[in-house]
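Student: As given, the protein sequences belong to chains L and G, one line each in that order.
Quick note: the first sequence uses the working numbering, first residue 1, plus one each step.
Quick note: the second sequence uses the working numbering, first residue 1, plus one each step.
Hint data in this document are derived by calculation from the structure and do not stem from the laboratory.
These numbers were taken from a predicted model, which means no experiment stands behind them.
Incorrect hints may have been included.
Claimed, not checked - Calculated lysine-lysine pairs in the BS3-like style (CA-CA distance at most 27 Å, straight line):
| hint | chain 1 | residue 1 | chain 2 | residue 2 |
| --- | --- | --- | --- | --- |
| 1 | L | K334 | G | K97 |
| 2 | G | K108 | L | K26 |
| 3 | L | K125 | G | K350 |
| 4 | G | K281 | L | K334 |
| 5 | G | K330 | L | K295 |
| 6 | L | K125 | G | K330 |
| 7 | G | K125 | L | K334 |
| 8 | G | K108 | L | K59 |
| 9 | L | K394 | G | K59 |
| 10 | L | K281 | L | K329 |
| 11 | G | K66 | L | K334 |
| 12 | L | K66 | G | K329 |
| 13 | G | K314 | G | K281 |
| 14 | G | K59 | L | K334 |
Number of protein chains: 2
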Amino acid sequence: MIKWVPRGVCAPDGFQAGGISCGIKKEGQKDLALVMCEDDICNVAAMFTTNSIVGQPVKISRERVKGGYARAILINSGNANCCTGDEGYKAALNISKKLARLIYDEEKHILLASTGVIGVPFPEKKVLDALPALVENTDTVGHTSAAMAIMTTDTFSKEAAVVVNTPKGKITIGGMAKGAGMIFPHMATMICVLTTDASISTPLLKSALKEAVSISFNRISVDGDMSTNDSVFLLANGRGIHIKSRQSAEYKAFLEGLKAVCLRLAEMIVRDGEGATRFVKITVEGASSQDEAIKVAEKVATSALFKCSVFGGKVIWGRIAAAVGAASKKVDEKKLEIVANRHTVFKRGKTMFTRSKALLIDKDLHVIINLHSGKYSYYMFTCDFSPNYVLINKE
Amino acid sequence: MIKWVPRGVCAPDGFQAGGISCGIKKEGQKDLALVMCEDDICNVAAMFTTNSIVGQPVKISRERVKGGYARAILINSGNANCCTGDEGYKAALNISKKLARLIYDEEKHILLASTGVIGVPFPEKKVLDALPALVENTDTVGHTSAAMAIMTTDTFSKEAAVVVNTPKGKITIGGMAKGAGMIFPHMATMICVLTTDASISTPLLKSALKEAVSISFNRISVDGDMSTNDSVFLLANGRGIHIKSRQSAEYKAFLEGLKAVCLRLAEMIVRDGEGATRFVKITVEGASSQDEAIKVAEKVATSALFKCSVFGGKVIWGRIAAAVGAASKKVDEKKLEIVANRHTVFKRGKTMFTRSKALLIDKDLHVIINLHSGKYSYYMFTCDFSPNYVLINKE
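Given the sequences, and given the hints that come with them, work out the whole structure.
Tutor: This is how it looks when you write it as structure tokens:
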């Protein structure tokens, strides 16, 4: 049983968060966030972008996470500190050194993330000067301030938290995320911080995070682009229930809760895609291999033509069929079946609708593509493509 | 030496063309085109979409081209005759049968192509009824009528023709094409007819076509989508110079001319991309393999974020770097060099420009991406992404 609760990353006992403005963004908007554990070192698992060009904070966090422990995560928005050369790397190191001193911990326990424009020199001094005030403003109710401070072109802050029951007692899992543009499988320009009070080993924590990300953040696409700075962090402070093994009821409950939080945050990211007006789920069924199912789902979810028609409020299923055929060499037109919001629009090589009777959609769209040639399936979340996307991204 | 000449597909001696309205499109717009050889059977080479869902005419033409000979190519716009079931297939057969009778030839020498909406029942009767008038209106000056009749969302007709000199005399090559949306490598929703008076065997003709397509139509991208109906045809009527072998000076001159015609038509297609306001060439150099060069060029040419910034008139090179890193796991940020319209914008891990000094572009943009890690290179043509693209494609 999963129970949704408030307070985001501060939901599990022992976590604090805060967000302030340090002057990177304009007009006093929050742009610097801290999530930390009050006084425990946490076990940590993390996943990063697979882009071969990465932000400086990714280089640092990727190394530190290997140690298995962390205490705090510092995130700024407005500047990605990417392609900033040695100066940008040194700036990130200086910032983590100062934060470590302020919270009386070691540098290696500080993780970093940045999101924003690429290639602009990093405003090191602004962040350094703001750190004391940020630590001062970090407390058990600062979760929304933190979630707001990591936003870039997001239009709303994204938080979720659950409590799951286990035979031994409750486990709480909290999270916050930012997304918006440039979202594509493998977590493009997506930053997410997850917290839990579970007592769980680093290998188990890693395994749970990998599984939860694979069914959530790795299945969302806004524009097919992939960022340099994606990071997902999961901190476990061990104050609560102990999870002994992968086979235990506690692990299963924890994993279920973690998946729920990640799915909810992933859905929020898609709903808040740049210029998005409609939420779309693409389900592929009956594929002859897992690879075929994934390729078909990804091709449809990133088809600009299909996404434009969804913006227009219509299911132009011919564009879905064209994308399906482009994605896999093995599609049989006579077996292909396409169902949109419970209406069968294509079956046995022809349509049930003609253009004059196009299926209109209200807000959300669920397309089921059945290849009828095997047992593999996959799903993805995406959104429509609107003129606003272009206007947001032309500068 | 290549000399550009007028008259498109009618430029080589012996070819006729025509285009009329048969009522598929609205308001009397031309929608039915014929290109044929006056009274000779031609050697033919052709290439088709690699989509596994294909239009009915593609199924028929693909088979007939295997015979090596063709006399006429009939093309309609406004309806792709794709996903139309057995009725659509039979309609295409009936149409080619009637055309064969009208021009006193065999059905197997008639090739077909269609472009337009997918899945709408094919208006067989309209085409059948219009065939006599079409044949009547096909002559040595009908090339532009034909080029207009194959347009869909194209805003201008696309024709090109050259004369090349060989030691034995002149060879003429003519062509017409349509493109606009859904353009991606492997010739998405692209139809092209090429004609020549060369006397050349089918194997040599195929080889030349493959090479010319690989450096032109397979390197253009408008929106990353791939169509069900792409077809490129090349007819050689043998009235002129004989091309003996691949090593001959005649073959080299012919290939050079064919490439020039294909490149010119490909460039026209990109310039007329749906909603396009700017033409973009992406050149990748110094890649460690041909595959890496192609992947990087394709990723940048299809990056929605990059293309939006080009619409905005700015080179936001960070988006180029992010796309490069996403395309290849082996990119070294410190070696990467990006040059835009002769300005070096990124080198040695950092930029020469900041956002406040973004490189402004006037109309065309040429981006050179040097990975400095090998000897392989590749180029692609694309265009920007405008709000108009979405508005054109929402219905």
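Student: Each hint should be assessed against the structure and marked as holding or not.
Tutor: To see whether the hints hold, each was checked on the structure:
1. L:K334 to G:K97: holds, 25 Å
2. G:K108 to L:K26: Not satisfied, since the Cα-Cα distance of roughly 69 Å exceeds 27 Å.
3. L:K125 to G:K350: holds, 19 Å
4. G:K281 to L:K334: violated, 40 Å
5. G:K330 to L:K295: Distance of about 23 Å is within 27 Å: holds.
6. L:K125 to G:K330: Distance ~33 Å between L:K125 and G:K330 Cα, so the pair is violated.
7. G:K125 to L:K334: Status holds; Cα separation ~25 Å.
8. G:K108 to L:K59: violated, 63 Å
9. L:K394 to G:K59: violated, 41 Å
10. L:K281 to L:K329: Measuring from Cα to Cα gives roughly 23 Å; hence the hint holds.
11. G:K66 to L:K334: Cα-Cα ~24 Å, so holds.
12. L:K66 to G:K329: holds, 21 Å
13. G:K314 to G:K281: holds, 15 Å
14. G:K59 to L:K334: With a Cα-Cα distance of about 14 Å, the restraint between G:K59 and L:K334 holds, given a limit of 27 Å.
The structure fails hints 2, 4, 6, 8, 9 (numbered hints given earlier, in ascending order).
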